[in-house]
Amino acid sequence: MLSFIIYKAIVCVCVFGLSLGVAAYSTWWERKFASFLQDRVGPDRAGPFGLLQPLADGGKMFFKEEIIPNVSNKFLFILGPSLFMITALMTGAVIPWAKDIVIDGKAYSWQITDINIGVLYLLGVASIGVYGIMIGGWASNNKFALLGAIRASSQMISYEIAMGIAIIALIITAGGTLSLREILAQQDAGVCNFVYQPLGFLIFFICALAETNRAPFDLPECESELVGGYHTEYSSMKLGLYLFAEYINMFVSSAIMAGFYFGGYNFPFAHELYNALGLQEGSIWISLIGFGAYFTKTCIFISVFMWVRWTLPRFRYDQLMNLGWRILLPLSLLNLAITVAVEYFFRGTIHF
Amino acid sequence: MLLGYTITQWLFGILSFLAIMFALMVVFSRNPVNSVLYLVMTFFCIAGHYLLLNAQFLAVVHIVVYAGAIMVLFLFVIMLMDLNEESEPQRSWLNKTIAAIAGGMLLFVMVGSLKGAGDLQLNQMGHSDIGLVKNLGKVLFKEFLFPFEIASILLLAALVGAIMIGKKDIK
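Going line by line, the protein sequences match chains L and E.
Using the numbering used here, read the first sequence as starting at 766 and increasing by one per residue.
Using the numbering used here, read the second sequence as starting at 9 and increasing by one per residue.
Hints may be right or wrong, so weigh each one.
What the hints assert, rightly or not - Partner residues are not named here, just some residues of chain L that face chain E (Cβ under 7 Å, in silico):
no.: 1; residue: I882
no.: 2; residue: L888
no.: 3; residue: G889
no.: 4; residue: I893
no.: 5; residue: M899
no.: 6; residue: I922
no.: 7; residue: I926
Hints were generated in silico from the structure; no laboratory data involved.
In this text, a Cβ means the ideal position worked out from N, Cα and C, and glycines have one as well.
Excised from the complex, chain L in its bound form:
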């Protein structure tokens, strides 16, 4: 029992550290990527290639003056960013990062917990995430912040629906399981789910952009209209938490996309490679190679998020709502209908 607790604690700390580390270096990579697209150099003063820039930014955030507006609701003002950060970190708990390691006949998984409703858990935590923004925006007692918060919450609720229906289609393809571990494992032998669900992936990707408040859907923090959006009144590390949690959300949704649609820790010719290297099932090297593959895919998706941000202009708010309700929702329903028809008539995986 004790060894189990220690092992789970280690996994928790690793996932926590990974989320924070990736989020920190996403800020650096975003600036580097933007500078690449805009033909600039980007941050290059702190360390080689500016690699120490996240540390410098973090230090700056900590030492800035902390301002809590007099007329705000102090408790809720502090609760807002904390809640946003907590929910961002919670989503990472169900992602299986690699295949189990077997030591002395005992399997050790690279996942904090494998609940058999993992997909629903993700949706649940994502739907709670909006409270951090809403509470923070309202507690600021600032009209711009409130507008930003309301934009954020209505956009998150709207896009959650299309996202949920896209996930239902994926689950039907993946053999009717809600456990992330099984969804990833069933892509081991065959092809990845993207082959069966290209439209579903597109819908999921667009919804993920909207859910994480990334450009071109970053209207909650639209600085040309709303000063700064829901975090207008925030300063110092509370602002840092909001910005940081956004990057963690981005990291987790990239990981989910890579796992749901692109096989996660599986990659083409994986078994051939393992056989050629003479690795047994359950060895630590298979796990490490698998983790490397998963992590690379995740990083590619994070880069795509940034690529989109620095390529596309921002939507207008009514365009955003139209896209969500009038295009993505019917499209995801169509995708679901096609998926069910194909699965029932051609692949015969649905039984009544």
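Following the hints, put chain E in place on chain L, whose structure we already have.
Frame of chain L; chain E shown alone:
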């Protein structure tokens, strides 16, 4: 076993205490935004109860639908209204007394109806894993398909009705 109770009983006790406490806070808090947030906490406690009953699907859907969507809309509306303690209307003693009597009678009816609940054999419905997604889906789509579809038509009617009310110009 802790002080003569199992862990499940402890969890049940703590969750019930929290749920009732937060529910009371919903009523007693002066600030409507705080009320909504306490109501969200109450929903979380109830979701915890569902988990104790091994009804994982119900627990998560409860959180997604109630805490994640409906309460966000509540919060939405309340945040957009200008609600101050000064502008809150003061109610007369007569009003308060009538409200207390009406509420007390509702409580009386509910206690009366729950009094016989212990005699009902609630467990006769089948095994304790009925709340898992797989089992629940099979039961819903095989044995109770007709009531399930009726409920969905009811929901659809409510949706259409809400949109009709929301529309400004009905041709």
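Checked hints:
1. I882: holds (5 Å)
2. L888: holds (6 Å)
3. G889: holds (5 Å)
4. I893: Constraint on L:I893 satisfied, holds at 6 Å.
5. M899: Nearest chain E Cβ about 6 Å off; hint holds.
6. I922: holds (6 Å)
7. I926: Hint on L:I926: violated, closest Cβ of chain E at ~9 Å, above 7 Å.
The earlier numbered hint that this structure contradicts is number 7, and it is the only one.
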